[in-house]
Structure formats: structure tokens, C-alpha cells
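Top to bottom, those sequences are chains P and S.
Here the working numbering is used: the first residue of the first sequence is 1, the next is one more, and so on.
Here the working numbering is used: the first residue of the second sequence is 1, the next is one more, and so on.
Since the hints were made in silico from the structure, they are not lab data.
Because identical chains share one entry, a pair is satisfied inside a single copy or across any pair of copies.
With a straight-line cut-off of 30 angstroms between C-alpha atoms, the simulated BS3-like cross-links for lysine-lysine are: (1) Lys222 - Lys152; (2) Lys164 - Lys210; (3) Lys23 - Lys88; (4) Lys106 - Lys116; (5) Lys210 - Lys222.
Bear in mind the structure is a predicted one, so any value in this text is a computation, not a measurement.
Number of protein chains: 2
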Amino acid sequence: MRIALLGGTGNIGEGLALRWAPKHDVVIGSRSAEKADEAATSCEERLFEEGTSCELAGEENVQAIADCDVVVLALQYQYAMPTAVAIKDKLNSNAIVVSPVVPMIKDGFLRYEPSKKYGSAALEIQNILSDNEVVSAFHTMPAARLIDLKDKLGLDVLVCGSEKPKQIVMGLVKDIEGLTAFDAGPLEASFMVESITPLLINVSARNRLKNSSIRIIGQSIK
Amino acid sequence: MRIALLGGTGNIGEGLALRWAPKHDVVIGSRSAEKADEAATSCEERLFEEGTSCELAGEENVQAIADCDVVVLALQYQYAMPTAVAIKDKLNSNAIVVSPVVPMIKDGFLRYEPSKKYGSAALEIQNILSDNEVVSAFHTMPAARLIDLKDKLGLDVLVCGSEKPKQIVMGLVKDIEGLTAFDAGPLEASFMVESITPLLINVSARNRLKNSSIRIIGQSIK
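Isolated chain P (complex conformation) (with noise of 0.2 angstroms):
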């Protein structure tokens, strides 16, 4: 599949890159095609450095996304939106939008604030992509945790959105060792997993702890 990540030079979206790099087509975005084309070399490098050699593209976020069968926005909720808006046009009408992006403000804490119009961030792009499928996922990854190669991670993903793209995106949760998805219900539940981000940033900032996840802890029904 050929996924562009949109943010691709920072946090989750450079961490999957590098997991996706050695299964998928790979393209970086950014506002900036030099720092795409950097970001896009260096992951290149640190996988060689695992002994794995494959190739990742660089690109302007508006060029990334040609030809793309899966975009993700991995992106602060400032800069999603008019990414949103700029890519629009440009997006194939089949290509699945992935958001892990979670509005939040400091309040004393750090405080989950959606639109009140739209109620998640997911639901929010989902009005702006209106004519693509948007799944939102990897709210709760810590980005420290997925750059790190040698991380085996052991962490759950839960996964929003509408069936057939949602499957489509927890096939490739799964193609990355070490993450289970867990299917969590329509874009419309998206909330209630975006609200998870801030919250484990709070818990960790309480309770001494850093890259806060959560593991979903359940009994299998046979």
C-alpha cells in the first residue's frame, strides 16, 4: 500500500514510517519538501542501521499525497485542519484519511476540548474530507516508544471509523509488531478514545511516569 504521512518529520508519524517502511510505500510530508526529503533519508539511515534496507519518499504534504491508498494526519490539531483543507482537492477519492489527532488545551491540566460543533477532531475532518473515509487511530502511541527501533512495544490501538476502512487500518495496526487494534466502534465514538491522550499525559505527569499507553485488559468470549 502507499501511505503518506502527513507530519511525517516528527512524533508518531516519523515512528510510523519507520515501522511501515520495511511492508509499505512509504511517503513523508511536511510544509516543507527539504525537511520531507531530510526526514525521509534519515529513517532510511536508522533502518539500514537495523539491517534493514528500504526506501521512503519526501515530499511537500500537498505532493505526498498523490496516488496515496491511506494519508494520516499526523499532526498538532492547529495544523491539521488546514492541512485538511489543503490536501482536499488533491486526494484520491478511494484514499483513506487516518487521524490520531487529539484537540487539547492546559487548564491547570491537560483538558480534552473537541469543537463543540463536531465533538471529536475526527468527526471535524470527516466534515472537511467529505468525500473520503476517515478512520482515526494511534491516539494513545507514545511517539518516543515508536521511533525507537528496538522497542517491542506491546501496546493496543483502538481503532474508529466506518467498517470497511476500519479494517483496513487495523490490518495495518497489525502490521506492525507489537500493536494490537482493537476495533472501538464508528468515527462517532472517536471521542471517547481521543479524550484517552490527554488524560495519560496528566497520569503520567502525576505519577512520575513517561510514554504513558494504555493496554486493554479483557476476557476472550470463545
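Following the hints, position chain S against chain P.
Leaving out everything else, chain S in the frame of chain P:
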């Protein structure tokens, strides 16, 4: 400590009664004094089967809270609010009120839906019981696991509230073997914990799981 469990005849109220009774004075509260008394006797019998001999009291809700240090509103949202109103004038002024209450509605999936005015069950209860300190906790605790005394748990409890009463409730969490308490911020942050409950129910239903809960996976800062 003297702890009243209102709604202690079912769900996590009963589980907490069983787990705390060996260390604390536990009073089970119910709208029916008879049902409360039956639940208390049944808890005593089950603890005795596990080799623990202790006494529990059972009372109608308003009687149950007399002289209590901690009162847990182990009730569904629609019963928790009238119960809070009913006990308001009878509560010890320094009693800590614990809310595991989660407002949720069915909407194809289960949706977290607190009152728009207060934003969370915890803040709504705090508004009613304005002379007492409310602490929110135990939202992600599967009742079936808590009730099963052979279950070693291994679960995490996210606790929100003001510092002093929160530390007391975190101490009560630690009194239950197999539970770890995490400080999740002030009571204003409770909505981000409460919303995990419907999320977990959705995840259970969609991934062939039961009794789902979460664990916090973090790296210690030394």
C-alpha cells in the same frame, strides 16, 4: 475506616464491600433495608468460604451513611443523582463521597453523555453535595472480576479529585490487593476517565471480549 456502599447490593458496590470488609467497617446501603441486610449476610458468607471472618452491616441508604468516613455512590447515573439529593443533609461534613458514576446512552453504540451543564457525573454530584469533597474512581473496574474473590485482578484505578481526599481514596484502592491507583488530576478531569467506561463496553462487544478494563503502561521516571 467506616465505608458506606450505596448500591452495595450489586455491581461494583458488592465487589468493593467484599474486598474492603476484611480491613474496614463496611455498611451496605440500598433503597430497601431488607435487601441491604441480605447482601451484607451474603458477603459475610462468601468471605467465610474464603477463610475470612468479618461482619458487614446492611441499612437503608440514608441510615447507612451515618458516621461514615467514606460514602461510595455505586449506582447507575439515574439513581445516583436522586440518592445524592436524599443523603445531602445527613452526610458527615467530612465524609468523602466516591463517584464511580458514568452517564451513558445507547446510540447504536454506547456514548458517554454527561449533563451539558456540569460536564461529568463527578462534577454534577459535587454540585449537589457542595459541603463534601467528591472523588471519582473505579469507573473502569469490571464488577464481575471484583466480586470473584479468587480473581487476583491486576488492574489500574484512575482517581480524580482534590489532593487530600484523593490521597485517602488512593489509599483505599491500595487496600485492595491487585489494584494500583493512579492520580488522574482534579475532579474537573473526571470526564476523561468516565468516558472510558462506555468505550470499554463498546470494545468488549466488538472484539469478542468480556469484563474489559485498562492498564496504564508507563515508564518510570527515577
